[in-house]
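Colleague: Sequence:
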Amino acid sequence: MIVRLFAVTLLTWMLGFAWFAIFLPQPLDGRPTDAIVVLTGGAGRIDRGLALLQEGAAKRMLISGVDRSVRPSELAAQYDAPERLFSCCITLGREAIDTRSNAIETSRWLERRHFRTVRLITTDWHMRRAALELRQAVPGRLTIIYDAVRSRPSLTMLMREYNKYLLRRAAALVGI
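Numbering (my numbering), first residue to last: 49 to 224.
Honestly, the hints are just simulated from the structure, not real lab data.
Possibly wrong hints are sitting among the right ones.
[What the hints assert, rightly or not] Restraint ranges, calculated between C-beta atoms of paired labels, are given here:
| id | residue 1 | residue 2 | range |
| --- | --- | --- | --- |
| 1 | Pro187 | Pro75 | 39 to 45 Å |
| 2 | Cys137 | Leu215 | 32 to 38 Å |
| 3 | Val51 | Glu122 | 31 to 37 Å |
| 4 | Trp67 | Gly104 | 34 to 40 Å |
| 5 | Gly92 | Thr57 | 31 to 37 Å |
| 6 | Arg142 | Phe54 | 43 to 49 Å |
| 7 | Asp95 | Met205 | 19 to 25 Å |
| 8 | Thr57 | Gln126 | 20 to 26 Å |
| 9 | Gly92 | Phe71 | 31 to 37 Å |
| 10 | Ala91 | Glu131 | 20 to 26 Å |
| 11 | Gly92 | Met49 | 46 to 52 Å |
| 12 | Gly92 | Val51 | 41 to 47 Å |
| 13 | Thr57 | Glu131 | 51 to 57 Å |
| 14 | Arg198 | Ser135 | 27 to 33 Å |
All of these numbers come straight from a predicted model, not from anything done at the bench.
C-beta atoms are modelled at their ideal positions from N, C-alpha and C, and glycine is treated no differently.
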């Protein structure tokens, strides 16, 4: 009986992992939202957010998880973006150190501004866990649009992220 239970558990994990790895979230079009939230940590995330902001896809943008020593002028120079964009429309969130604190920081930023729609930008393999954390942190009236940045994650990275996602879902079920 124990062997069967283990086999069913392993098979369930494998099927879930296959779904997780094969059906990674995809980038979206430039449909407008009230705000854009970019989670730092992966290539192409800030580039994607800046491009959408400059195209007029949102009014404001939060870059969550920015190091305390980084100045807006440095980011503007690094990403070849106008400094005025950083002074008028971009907030650098400096409190987050992980995905969960990204969600908390984002929730506080969104509550102060009363936005109704937000575009979440992160890497494709990270999107499901980031979205789960954000959905738990923000009020139910907010519409979250998922806009993933494509990547080429290794099998090891996908397995690690899938396990983190499962653990976070389990923790959410018990109220942690």
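Colleague: Take the hints in turn and mark each one as holding or not.
Modeller: A quick look at each hint next to the structure:
1. For the pair Pro187 and Pro75, the beta carbons lie near 26 Å from each other, so the given range of 39 to 45 Å is not met.
2. Between Cys137 and Leu215 the C-beta distance comes to about 36 Å, which sits within the given range of 32 to 38 Å.
3. Between Val51 and Glu122 the beta carbon distance is about 57 Å. The supplied range of 31 to 37 Å is therefore violated.
4. Our hint of 34 to 40 Å for Trp67 and Gly104 holds, since their Cβ atoms are close to 35 Å apart.
5. In this structure, Gly92 and Thr57 meet the distance hint of 31 to 37 Å, their C-beta atoms being roughly 36 Å apart.
6. Under the hint 43 to 49 Å, the C-beta atoms of Arg142 and Phe54, about 45 Å apart, fit the expected range.
7. Between Asp95 and Met205 the Cβ separation comes to about 20 Å, which falls inside the hinted range of 19 to 25 Å.
8. In this structure the supplied range 20 to 26 Å is violated for Thr57 paired with Gln126, their Cβ-Cβ distance being about 46 Å.
9. Our hint of 31 to 37 Å for Gly92 and Phe71 is violated, since their Cβ atoms are close to 20 Å apart.
10. Roughly 23 Å separates the CB atoms of Ala91 and Glu131, a value that falls within the hinted 20 to 26 Å.
11. In this structure the supplied range 46 to 52 Å holds for Gly92 paired with Met49, their Cβ-Cβ distance being about 48 Å.
12. Between Gly92 and Val51 the CB atoms are about 45 Å apart, so this pair conforms to the stated range of 41 to 47 Å.
13. Hint check: Thr57 to Glu131, Cβ distance near 54 Å, so the stated range 51 to 57 Å holds.
14. The supplied range of 27 to 33 Å is met by Arg198 and Ser135, whose beta-carbon atoms lie about 30 Å from each other.
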